[in-house]
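Trainee: For the record, the sequence lines run as chains A, B and C.
So for the first sequence, our numbering puts the first residue at 2; every next one is plus one.
So for the second sequence, our numbering puts the first residue at 18; every next one is plus one.
So for the third sequence, our numbering puts the first residue at 372; every next one is plus one.
The hints are simulated quantities; they were obtained by calculation from the structure and are not laboratory data.
Every clue listed holds true.
Pairs of lysine-lysine residues, derived as BS3-like cross-links and limited to a Cα-Cα distance of at most 27 Å, are as follows:
no.: 1; chain 1: C; residue 1: K514; chain 2: A; residue 2: K246
no.: 2; chain 1: A; residue 1: K243; chain 2: A; residue 2: K376
no.: 3; chain 1: B; residue 1: K256; chain 2: A; residue 2: K371
no.: 4; chain 1: C; residue 1: K374; chain 2: B; residue 2: K202
no.: 5; chain 1: A; residue 1: K327; chain 2: B; residue 2: K152
Sample of chain B residues at the chain C side, in silico, Cβ under 7 Å:
no.: 6; residue: L45
no.: 7; residue: P47
no.: 8; residue: L111
no.: 9; residue: A168
no.: 10; residue: S180
Backbone N, C-alpha and C define an ideal beta-carbon position, used for all residues, glycine too.
Okay, here's what each chain looks like letter by letter:
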Amino acid sequence: MLKKSKVILCLVLILVFFMTISLIGIAKEIELRFLSLQVGVHTEASWFTETVEKFNAEYEGKIKIVVDGVAGDEACWGKLRTDAAVGSMPDLFILKHDRREFNVLAQSGTVLALNDYIKTDPYFKGILNDSVALAAYTNKEGNVLGIPYTRSHIGIYYNTELFAKAGISNFPTTWDDFFVACEKLKAANIIPISMMTGDGAWCSMLLLSNMIGTTPGGLEWLTTDLADQKFNVPVFVDAVEKLQKVFSEYTTLDAVGSGYGVAANHFLLGNTAMIVNGPWMEGSFSDPKSAPADFESKVAYALSPGDGVIAAEGWAWGIGSKTKEKQDAAIEVVKFLMRQDVYAAYLSVSGGAPCSKVDMSEVRLSRINKDFLPKAVEAKYKYTFLSNVVKPAIIDALCQYLPGIADLSMTPEEFAIKLEETHNAN
Amino acid sequence: MHYQNRGITIVFSFIKYSILLFFVVVGLFPALWVLISSFKTNQTILASALSLPATLHWENYVLAIQVTGLPRAFLNSIIVSTLSVALNAIIALLAAYVLARFRFRLNVALTIMFSLGILIPINSAVVPIKFIMLKLMLNNSLIGLIILYTALGLPISILILKSFLLNIPVQLEEAARIDGAGYWKIFFAVIFPLSQGGLVTVMILQFIFCWNEFLFATLLINTEAKRTLQIAINFFIGKFSFDYGGLFAAMVISIMPAIIVFILFQKKVISGLTAGAIKE
Amino acid sequence: MKKKDRVIFLVVAIIPALALFVTFYLIPIGSLIYTSFFKWESIKIGEFIGFANYIKMFNDPVFWQALRNNISWSIVAIFIHIPMALLVALILNSKPKGWKIFRTIYFLPHVISITAFAVIYISVFNPSFGLLNAVLKVLGMNKYSNTNWLFHSYWAWKVIISTWIFHVGLFAMIFLARMTSIPIELYEAAKIDGASPFKQDLYITIPLLKNIIGVCIILDVTAGLRYFEGLYIMTNGAPYWKTETLALLIYQQLQSINNSYANTVGVTLLVIGLLVVLLFSKLFREKTVVE
Chain A
2 MLKKSKVILC
12 LVLILVFFMT
22 ISLIGIAKEI
32 ELRFLSLQVG
42 VHTEASWFTE
52 TVEKFNAEYE
62 GKIKIVVDGV
72 AGDEACWGKL
82 RTDAAVGSMP
92 DLFILKHDRR
102 EFNVLAQSGT
112 VLALNDYIKT
122 DPYFKGILND
132 SVALAAYTNK
142 EGNVLGIPYT
152 RSHIGIYYNT
162 ELFAKAGISN
172 FPTTWDDFFV
182 ACEKLKAANI
192 IPISMMTGDG
202 AWCSMLLLSN
212 MIGTTPGGLE
222 WLTTDLADQK
232 FNVPVFVDAV
242 EKLQKVFSEY
252 TTLDAVGSGY
262 GVAANHFLLG
272 NTAMIVNGPW
282 MEGSFSDPKS
292 APADFESKVA
302 YALSPGDGVI
312 AAEGWAWGIG
322 SKTKEKQDAA
332 IEVVKFLMRQ
342 DVYAAYLSVS
352 GGAPCSKVDM
362 SEVRLSRINK
372 DFLPKAVEAK
382 YKYTFLSNVV
392 KPAIIDALCQ
402 YLPGIADLSM
412 TPEEFAIKLE
422 ETHNAN
Chain B
18 MHYQNRGITI
28 VFSFIKYSIL
38 LFFVVVGLFP
48 ALWVLISSFK
58 TNQTILASAL
68 SLPATLHWEN
78 YVLAIQVTGL
88 PRAFLNSIIV
98 STLSVALNAI
108 IALLAAYVLA
118 RFRFRLNVAL
128 TIMFSLGILI
138 PINSAVVPIK
148 FIMLKLMLNN
158 SLIGLIILYT
168 ALGLPISILI
178 LKSFLLNIPV
188 QLEEAARIDG
198 AGYWKIFFAV
208 IFPLSQGGLV
218 TVMILQFIFC
228 WNEFLFATLL
238 INTEAKRTLQ
248 IAINFFIGKF
258 SFDYGGLFAA
268 MVISIMPAII
278 VFILFQKKVI
288 SGLTAGAIKE
Chain C
372 MKKKDRVIFL
382 VVAIIPALAL
392 FVTFYLIPIG
402 SLIYTSFFKW
412 ESIKIGEFIG
422 FANYIKMFND
432 PVFWQALRNN
442 ISWSIVAIFI
452 HIPMALLVAL
462 ILNSKPKGWK
472 IFRTIYFLPH
482 VISITAFAVI
492 YISVFNPSFG
502 LLNAVLKVLG
512 MNKYSNTNWL
522 FHSYWAWKVI
532 ISTWIFHVGL
542 FAMIFLARMT
552 SIPIELYEAA
562 KIDGASPFKQ
572 DLYITIPLLK
582 NIIGVCIILD
592 VTAGLRYFEG
602 LYIMTNGAPY
612 WKTETLALLI
622 YQQLQSINNS
632 YANTVGVTLL
642 VIGLLVVLLF
652 SKLFREKTVV
662 E
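Using the sequences and the accompanying hints, generate a full structural model.
Mentor: Structure below.
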């Protein structure tokens, strides 16, 4: 009898022991899924890999970042929005300012609102000093959905050697001068500028944005909400007219239909003298696989003619965790990413501009950016780019109709009308 | 009595070989292009149509193997593809046999239902399928991929196998039935051996499908250890940066198994299968 | 052999396929049809709008252009692609020297992924440095040697067709697989009767291939209806939607988050596909004994 009760007592004690333990919670490592496109051949891939390793080392035993790498913007966005649709959001991800992506995620209700963290955590209070950036990632209900990380100033890269060959000493500051420069380049048997109509017509779209932003009324056009956008208006049609001139006379034969690869390659090989793209392209100037030796030294970065620069919000860090435990852990990661040494390293690699307080002396800018960024900050006109202020269907239509602009079978007015129709039909 | 007329034979031969040669050019061109490009760098790949590389850039292959986790991804793809191929073959054969040979009330309805599966727009199905995978706890697992691929390949496999099965003479089954064999015995002893031609075809197609599948592999796999080959290959392309040389080197590595599978499996198709059986 | 055994066998044999189908196809197809009647332009589904999407689709010129292109693709597939594959299979069946190597080479294009082909086609059709224009220059046809083939109003679609029309290896392989199970005695008997190889093919081989030809036609047409990846990379429908297809349209609409409209086109595609399968199944049916 006694033995039996002893056994029962032992069992009860063991049970109580385990219950207490589970209540206290044995410290276990929290795993966070970090969805990222900064992998593979992405210019920021090495920074990202090193940063994750540093974090995992410092937080070993407490928090572990597991990278879910998807190379390519489209593929990564596809995964993110699928996750949003089924409710399996990654714990950490890049939240782009791109209206198409941001609006979708904002409406999904799966992105963590960070207002409380920002208000109460002294760390954030100290460094988030940019209200414009914060506003860019705030949804209609006033929820801040991301911690802003970077914004980009996009100018025009040009080949100083080719410019010298054509007898152009300074990058043109007005559109008239721009076309004069194009003529000079053409006379020296150099194709002036790389254009493209595939891949969302990225570089061409940027040039068009510059053409709009530097003309009167352009700034208003580029801040209109996408639902209210109008295309059959003088400011847009005039810009398309300029674009048509470029497409029909001053670019490569294969501009129509080419994607980014071919357009960039022309510039890297010295076939064209200019290309409109952001600081992420810089890495390829010194990559032996993409550019000839010494190419980097020939490149300079200029403001758009008309004294304008594309100053676009880039992206923020978003959190999609569902449990409080993981949310807190994810915030720790974001704080780590905002740490001076990590942040400065990022800005050095990406050439982007910060969205919060950071000691710029630690940022090692490249030669090209050191020259460009001060000018960009002082530019007369600062605006975002076209894709951010139009419906996604417009960009698709753009790519369909640009060939008509290029071979002169379509007038700028007809082009604008077609875009207006697309806008109304969607 | 020989019908052959020497003149006509020579002309026929010439036409035959011309046609064969034409398709050799068509068939070899892409493969050769990928192979040659795998030794070039970005600049020359995008700049000229058919330049031979000045120097062989073996580092493309080194990069492909070392950096992108290719060996592990390769292994994962092999596991997923072979298991899915086997599963798909047996399940499709069973279903095709039922639909081909047995008359029962639901036969037509089932056939139509499986045919619906051929034309599902895969991108529209992405969200429902991911949802199902999550509910079944199959997300981020190779087993999940295997089951999904098996299912995705079923409609086409059933369609092809049905056709091959219809060509097996019924007498064989009847003979076996007279001998007292049950349904299962007939299936394994008679149908299975005689459908080699169809099985091989279906297995090759399923292998190619699994091996090259990218969409669901990306969406359903979250950890590096489980990535398949196509995901790893995709790491060579980004929106603004790309390494086509590395990409093609990785592709050459990835094409090898598919070709080997094809050659190995085709050996099985050669033997005349029912030729001897009828006499029995 | 009792009736019960038969029923058990049928059920057990069909269960795996049925289970997989119900799990992975029923919900997607159901959701496809269901959501086409709603407004769905973000993550959450919107309100019921009845047939509005269908009306929009029937009024959409892009839809009709895409449909025209799909029909043209299917016609090429049925009347040119499959017969060519059959011809090659017949030639290979006569086992000329090195036929095994030929068969493997012909299959190569089907193993290479779309991404590779996209870069290949840039290299062939690029107006500045592409292979086609280089060859035309050499041949002296300078009028054409600067054409931007993939983006030319007239040529674009024809060029797209040319990218797959000569890839006969897959169907040739399927035909060959079927041919090898034709009893040799049939040929021997015909030879004794004095038939030439040509006549043998015409009267023995081809009729016996009737069903598999139908299957290959179905496979080819449905593959064409499904195909969009290469198109997306090469032209994305440009110029002026001239190289648009229904599958590409669905993909583009999904990218623009017009989910319900995309699913409307998807339902249409499903219906077309079903009709294709049923039509050709019936046309190429062989009489067979069933039990």
